[in-house]
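On the provided structure of chain Z, position chain C as indicated by the hints.
Quick mapping for you: the protein sequence lines, in order, are chains Z and C.
This note's numbering applies: residue 190 is where the first sequence begins, and numbers increase by one.
This note's numbering applies: residue 24 is where the second sequence begins, and numbers increase by one.
In case anyone wonders, no lab produced these hints; they're calculated from the structure.
Beta carbons are placed, not taken as given, at the ideal position from N, Cα and C, and that holds for glycine.
Just to be clear, a hint being listed does not mean it is correct.
To be verified - Dumping the calculated DSSO-like pairs for lysine-lysine here, alpha-carbon to alpha-carbon at most 30 Å:
hint, chain 1, residue 1, chain 2, residue 2
1, Z, Lys190, C, Lys80
2, Z, Lys257, Z, Lys190
3, C, Lys106, Z, Lys190
4, C, Lys65, Z, Lys231
5, Z, Lys257, C, Lys106
Claimed, not checked - Some chain Z residues well away from chain C (every beta-carbon gap over 10 Å; in silico):
hint, residue
6, Leu208
7, Asp216
8, Lys257
9, Gln270
10, Pro290
11, His301
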Amino acid sequence: KQEVTQIPAALSVPEGENLVLNCSFTDSAIYNLQWFRQDPGKGLTSLLLIQSSQREQTSGRLNASLDKSSGRSTLYIAASQPGDSATYLCAVRGVGGSYIPTFGRGTSLIVHP
Amino acid sequence: EPEVTQTPSHQVTQMGQEVILRCVPISNHLYFYWYRQILGQKVEFLVSFYNNEISEKSEIFDDQFSVERPDGSNFTLKIRSTKLEDSAMYFCASSDLGTPFTDTQYFGPGTRLTVL
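For reference, chain Z alone in the conformation it holds in the complex (with noise of 0.2 Å):
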């Protein structure tokens, strides 16, 4: 059974650092890796989609790499903002028959001015 684990946790930084957050997962045979956020009290929005045979995706700031030997995914947050402080969630998708995702369980970001 596929596990996903997020560390840190939690994160406070100052305004301006570029950040690493971190996803993990048991089982290597998967199909794709999203990484969403979610702001308290919302749902969840698409940040970065990364298909198997990728080994990263950029969208402005953000910066995800996947390394499916090691069972690992990293989402770069560059020059961080306090409009990026919510809740990172990474997701991954199996394969052999069953697309159902796994998350875990987010790693909660709060950058201050």
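Only chain C this time, still in chain Z's reference frame:
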């Protein structure tokens, strides 16, 4: 920009009652999903729906749950006889073409279900 909408935003019900949670996916999307998030817990997949039938469901989605697309715009989740442990935030999502989960999913704001 098109968005997924959900109603109601908060539903309070008595244990044993039936509830229907409603979602309006993005109009040209073909795949629809329900997820739930118990307070303080992980987001959990419930069910995916395509071409008027369930394509996948998790072990959480037992006989107490059902989904329906009653018309061309709405997508509903019904819980027949609610239990205390059904209290959670329920999220609807939709995605465009391609096989399920290959395309980006767009989530609604959620319905908070409280079972008393």
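Verification of the hints:
1. Lys190(Z) <-> Lys80(C): This hinted pair holds, its Cα atoms lying about 16 Å apart.
2. Lys257(Z) <-> Lys190(Z): holds, 16 Å
3. Lys106(C) <-> Lys190(Z): holds, 27 Å
4. Lys65(C) <-> Lys231(Z): Holds, at roughly 14 Å.
5. Lys257(Z) <-> Lys106(C): Between Lys257(Z) and Lys106(C) the Cα gap is close to 39 Å, so the pair fails against 30 Å, i.e. violated.
6. Leu208: It holds; Leu208(Z) is separated from chain C by about 22 Å at its closest Cβ, greater than 10 Å.
7. Asp216: holds, 16 Å
8. Lys257: holds, 16 Å
9. Gln270: holds, 21 Å
10. Pro290: Answer for Pro290(Z): violated, closest chain C Cβ roughly 6 Å.
11. His301: Given that every Cβ of chain C is farther than 10 Å from that of His301(Z), nearest at about 23 Å, it holds.
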